[in-house]
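For this one, chain X is given, so just place chains Y, A and G on it according to the hints.
So the sequences go chain by chain: X, Y, A and G. Numbered continuously in the working numbering, the first sequence closes out at residue 225. Numbered continuously in the working numbering, the second sequence closes out at residue 225. Numbered continuously in the working numbering, the third sequence closes out at residue 1529. Numbered continuously in the working numbering, the fourth sequence closes out at residue 1529.
Calculated from the structure, these hints are not laboratory results. Take these hints with a grain of salt, some might be off.
[Stated by the list, open to error] To list a few chain X residues with every Cβ distance to chain G over 12 Å, as calculated: (1) Ser78; (2) Ala129; (3) Glu131.
[Claimed, not checked] Computed spacing ranges between beta-carbons, pair by pair: (4) Y/Arg148 - G/Thr1494: 39 to 45 Å; (5) Y/Ser89 - G/Asp1482: 54 to 60 Å; (6) X/Ser217 - A/Pro1507: 23 to 29 Å; (7) G/Leu1486 - X/Ala95: 49 to 55 Å; (8) X/Asp86 - G/Asp1482: 39 to 45 Å; (9) G/Arg1487 - Y/Ser78: 50 to 56 Å.
Yeah, the Cβ is synthetic: ideal placement off N, Cα and C, and Gly gets one too.
Letter by letter, the chains look like this.
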Amino acid sequence: MKRMSSTPASDWILLTQDQLSVGEAMAWATRANCGAIVTFSGIVRDHSEAQENVTALEYEADEELADRRMREIAGEARARWPEIVTVVLHHRVGRVALSEPSVLVVVASPHRNEAFEAARFCIDTLKRSVPMWKREYWPGGSAWSEETSPLLDVHDP
Amino acid sequence: MKRMSSTPASDWILLTQDQLSVGEAMAWATRANCGAIVTFSGIVRDHSEAQENVTALEYEADEELADRRMREIAGEARARWPEIVTVVLHHRVGRVALSEPSVLVVVASPHRNEAFEAARFCIDTLKRSVPMWKREYWPGGSAWSEETSPLLDVHDP
Amino acid sequence: MARLTLFGPAREAAGRKNDTLDGATLATVLDAAVLRYGAAFQTILTSSQVWVNGEPADVNDPVGADDEISVLPPVSGG
Amino acid sequence: MARLTLFGPAREAAGRKNDTLDGATLATVLDAAVLRYGAAFQTILTSSQVWVNGEPADVNDPVGADDEISVLPPVSGG
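Okay, chain X solo, but in the shape it has when bound (with noise of 0.2 Å):
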């Protein structure tokens, strides 16, 4: 399957080396007809369920197939809440800091509700469909994330 060559103007779906701007992507995402954007920051943390002292995670990506599947989520997330106006989905690969954001998700919306509940659903269904692998760094070492789940389908409940 070929990768989308273009983006409907309503999603902003991005895989990047470079840091995730919440700033820059609140102000694509606001329309003049939404009154609520909220935004979901995935941050790199002190530590995780394995180690006490993360200093830095590197995340890996089947490139391709994570871009289809970001794509799907928000399509996915439009058909559920249908009143939606746009959604950011941002996912960063390679090193990331401490306090950075690897994950970013915005979804913008006449009203709150809907953009909760897209969000939500957006974040919680990009953990388990996307492809993506996060390795932990600590002061001397480093290893895969023992936090993962199967991979599954976004359709899947």
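Frame of chain X; chains Y, A and G shown alone:
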């Protein structure tokens, strides 16, 4: 009752005539032990239930009581979701232009479930328990918003 | 006698934000307010909460010159 | 024969990201991979999904030189 003279370092409560900055609020809210930040921005929308062409809103508050209530909301969120680390509640007073945020909620937490739940609680509770009145402007006129609710206590269900 | 502070639609209907009104109880002060501000204010008062010194109050509560009465119409923040 | 692309823990266990392996079906290619990469890879393969040309596949599917096999371990994005 006197206004509280100091703010706990983990809550940032603000009533202001100045523009709200999600980026500044998120930077303030970020802590090394947090893996999730959820934000809600209430944006001035180009329409309301009563008006098809809204150009601006103007907010008037009982500022002393509003400040107290916003602090109570943050405290109640902490009581309900003890895991949450930082809470930001900002509300504009005075004139707010189209597509600008009038209200901002930021919650940072180790995990995302508590951040989503607490952010949703904060905005839902703010809307019914903070003494604030919204005037809608359109070309050639203005009126108080008809989308009102009786002033309730923070702890009311 | 007590000091009155009016907010939002109540302020607009009364044509002022602050006032001082005669009356020994909350109820008599509010009666004086309706007399002074008229029917539009009365309508809003019906759906409003009235607080004294930052706390909910009963209409039979006595009020004096040091007391601050707030009229809080249904809210529309956020 | 088919081309193999390995991700995350599967890539690390195999010591490479891409490879070309003999085999007429997906199953025989994966057997060849386990033989070449060893036990650590086998353990990860057990919990992984194996896709062909960007779609889920059955181990009995035939594969040729133009086919791309992906080994996708349990994920940890976000």
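To see whether the hints hold, each was checked on the structure:
With 12 Å as the threshold on Cβ separation, the claim that X/Ser78 sits away from chain G holds: the shortest Cβ distance comes to roughly 23 Å. With a least beta-carbon separation of about 8 Å from chain G, X/Ala129 fails to lie farther than 12 Å from that chain, contradicting its non-interface assignment. With a least beta-carbon separation of about 10 Å from chain G, X/Glu131 fails to lie farther than 12 Å from that chain, contradicting its non-interface assignment. Take Y/Arg148 and G/Thr1494: their Cβ atoms lie about 42 Å apart, and the range 39 to 45 Å holds.
Evaluation of the 54 to 60 Å hint for Y/Ser89 and G/Asp1482 yields a pass: the beta carbon distance comes to about 58 Å. Under the hint 23 to 29 Å, the C-beta atoms of X/Ser217 and A/Pro1507, about 50 Å apart, miss the expected range. Remark: the range hint 49 to 55 Å for G/Leu1486 to X/Ala95 is upheld by a beta-carbon distance near 54 Å. Between X/Asp86 and G/Asp1482 the beta carbons are some 41 Å apart, a value that agrees with the proposed interval 39 to 45 Å.
The hinted window of 50 to 56 Å between G/Arg1487 and Y/Ser78 holds, with their beta carbons roughly 54 Å apart.
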